[in-house]
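> Listed below, chain by chain, are the residues.
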Amino acid sequence: MSTKVIHAIYNDDDILMDAVKETRSAHHHIEEIYTPFPVHGLDKAMGLKPTRLAICAFLYGLVGLAFGTAMMYYIMIVDWPQDIGGKPSFSFIQNMPSFVPIMFEMTVLFSAHLMVITFYMRSRLWPFKKAENPDIRTTDDHFLMEVALHGEEEEAVEFFKKTGAVEVKVIDKE
Amino acid sequence: MYTFSKNLKTLAIVLMALGIIGIAYGFFNAPKTTAEVEQILTEQAHHDGGEHHSVSEADHDAHQKHLEHVLTQMQNKPWTAVYVACIFVMLISLGILVFYALNYASAAGWSPVLFRVMEGLSAYLLPGSIIFFILLLVSSFGGNHLFIWMDPAIVEHDVIIQNKTGYLNVPFFLIRAIIFLVGWNLYRVYARKQSLKLDETGDLSYHKKLFKATAVFLVFFIVTESISSWDWIMSIDTHWYSTLFGWYVFASFIVTAITVIAFATLYLKSKGYLEHVNTSHIHDLGKFMFGFSIFWTYLWFSQFMLQWYSNIPEEVTYFIFRIQEYNVPFFGMLLLNFVLPVLLLMNSDFKRLGWIISMAGVSIVFGHYIDFYLMISPGTVGGSWSIGITEIAALMFFAGLFIFAGFTSISKVPLLVKNNPLIEESKHFHY
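So the protein lines, in turn, are chains A and B.
Whatever position you read off the first sequence (first residue = 1), add 147 for the working numbering.
Whatever position you read off the second sequence (first residue = 1), add 58 for the working numbering.
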């Protein structure tokens, strides 16, 4: 069964923002919006939930800190506590200042890289991924709003023409 | 227009009055002779449950020397309390002025709604620097023993200090202090005047003049701040030196200054005086508190770790003494100045809540008071330290004076700058 969607194309982000608000108040369901650059406030206008990526990064940072600490503790204190240049290796706390640069860098490394990987996974990005671009102009200077079509086709097209779209298409989607 | 509320004025006056009483008590209680010191020490030994150690004739001289040493420390204690509180609060008002200058010079679009708060609070700089200069004069003319290099009897037997007298001598020291204090105060008076003229006339040439003066001031400031921190703080531990000390002191007082700005903003906002200040402005102040707290910690650790790691006797004694004699404040301050602010202010939503900013702010202000205490007290009071009535009273006195001077100045002119070219942007600032 194929469903129909409407592709409304705009050429200005201010018009797009107004169109999003009108579309939402008319209770059309916005499937997706394609823009060539970040449009400030678009996520709020669409009613998207805020990202939790920062919380992930904080947790990854804690993992990195724990990893760095455990690694230095095991290597320098437990496994082979040598006297290296008179640094006290009797307990972790005694030699702790010299481990801080490593613990810090591990925190940053884990939190940055794992957060980026999380971002790729959540937004399904990887090399050789097939681009999901419905219209090539959306990477350059056009904005495209994809809306699920329910009910009258003509009426919906009229509605989106009115919101300032330069082009409105009805597409069959598999 | 803000009217200085009766409650706040009373609070400021009560703080000052209690402060004076406490300071007087501290000076009155300080021992005058070695006999008194001996009595205090034996009492302490009793409290600690230690046994009487009888003094043999041979040890008598050494014991007498020790008593004189402790006497100097105990006599220094009230002076140190006043000195620490005085320099701390004065540098906070200087930090507020510098933060104002930074925002002006960088044409910050968010902060012009807070300019009058910053201008007003920095009014303490003038009375603060006068009192501070009087303290320096008292030290210079033998009123106390805060700076050992000012004591000819010590310098006579100390080659290290003798080699530094080209820089560390009283006339040059006082001349430098005058140049720094006058320079900073001149900028503050000039900035206030231009800002008020801009308000009245709307003539943007005043804005340009102030902009240029601000750029010059920031250059003057960073040079003089560095030198003054060597003069007023580092020279107390005359044998010790650290190359990043100036920035370390700067980081310490700028973060406290931003916190104080946030406190005053929250207070005035809660009284309904800052109509255009929204949570985004508070959020920005919170970010500065967060960022500068980390910056302070970075410098603290850089200074500590480099000297701990190389372990060169002539410089590491500075930290050994602090770890041995001031263990709890030395490491406790890291909790107050780093761990608490970072954890409280990490969350973006938290930075918009007044009570979270206040909690982190209290931690920062007290933490950095301890930081200044730890820079100064080990060199003057040594092991005979305690944070008691005198220390708290001194802080109360200067805090009261700060509130009085700051809010008097705020109440004199409208709380919103009018013709600043960035004010419209600032009113509509949202993050």
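Hint data in this document are derived by calculation from the structure and do not stem from the laboratory.
Some hints could be false.
[To be verified] Cut-off 27 Å, straight-line C-alpha distance, at most; resulting in silico cross-link-like pairs (DSS-like, lysine-lysine):
1. A:Lys191 x B:Lys266
2. B:Lys255 x B:Lys266
3. B:Lys255 x A:Lys196
[Said to hold, decoys possible] If you only want the chain A side, here are some residues facing chain B, beta carbon under 10 Å, derived:
4. Phe184
5. Gly233
6. Lys234
[Said to hold, decoys possible] Computed spacing ranges between beta-carbons, pair by pair:
7. A:Val263 x B:Ser328: 17 to 23 Å
8. B:Pro210 x A:Phe205: 32 to 38 Å
9. A:Val255 x B:Ile78: 46 to 52 Å
10. A:Pro248 x B:His127: 56 to 62 Å
For each residue, glycine too, the CB sits at the ideal point set by N, CA and C.
> Please work out if B:Lys255 and A:Lys196 have their alpha carbons no farther apart than 27 Å.
Roughly 48 Å between the alpha carbons, so the hint for B:Lys255 and A:Lys196 is violated.
> Min Cβ distance, A:Gly233 to chain B: is it shorter than 10 Å?
A:Gly233 check passes; min Cβ-Cβ to chain B is 7 Å, inside 10 Å.
> Between the beta carbons of A:Pro248 and B:His127, is the distance compatible with 56 to 62 Å?
violated (39 Å)
> Does the interface hint hold: is A:Lys234 within less than 10 Å of chain B, judged Cβ to Cβ?
Status holds, d = 8 Å.
> Are the Cα atoms of B:Lys255 and B:Lys266 separated by 27 Å or less?
Holds: B:Lys255 and B:Lys266 sit about 12 Å apart, inside 27 Å.
> Could you say whether the range 46 to 52 Å given as a hint is met by the Cβ separation of A:Val255 and B:Ile78?
holds (49 Å)
> Check whether the Cα positions of A:Lys191 and B:Lys266 lie no farther apart than 27 Å.
The given pair, whose Cα atoms are some 39 Å apart, is violated under the 27 Å limit.
> Does the closest beta carbon of chain B sit nearer than 10 Å to the beta carbon of A:Phe184?
violated (20 Å)
> Quick one: are A:Val263 and B:Ser328 within 17 to 23 Å, going by C-beta?
Given about 41 Å between the Cβ atoms, the range is violated.
> For the hint 32 to 38 Å, verify it against the beta carbon of B:Pro210 and that of A:Phe205.
Violated, since B:Pro210 and A:Phe205 (Cβ atoms, about 57 Å apart) do not stay within the stated range.
Hint compliance for this structure: hints 1, 3, 4, 7, 8, 10 are broken, all remaining hints hold.
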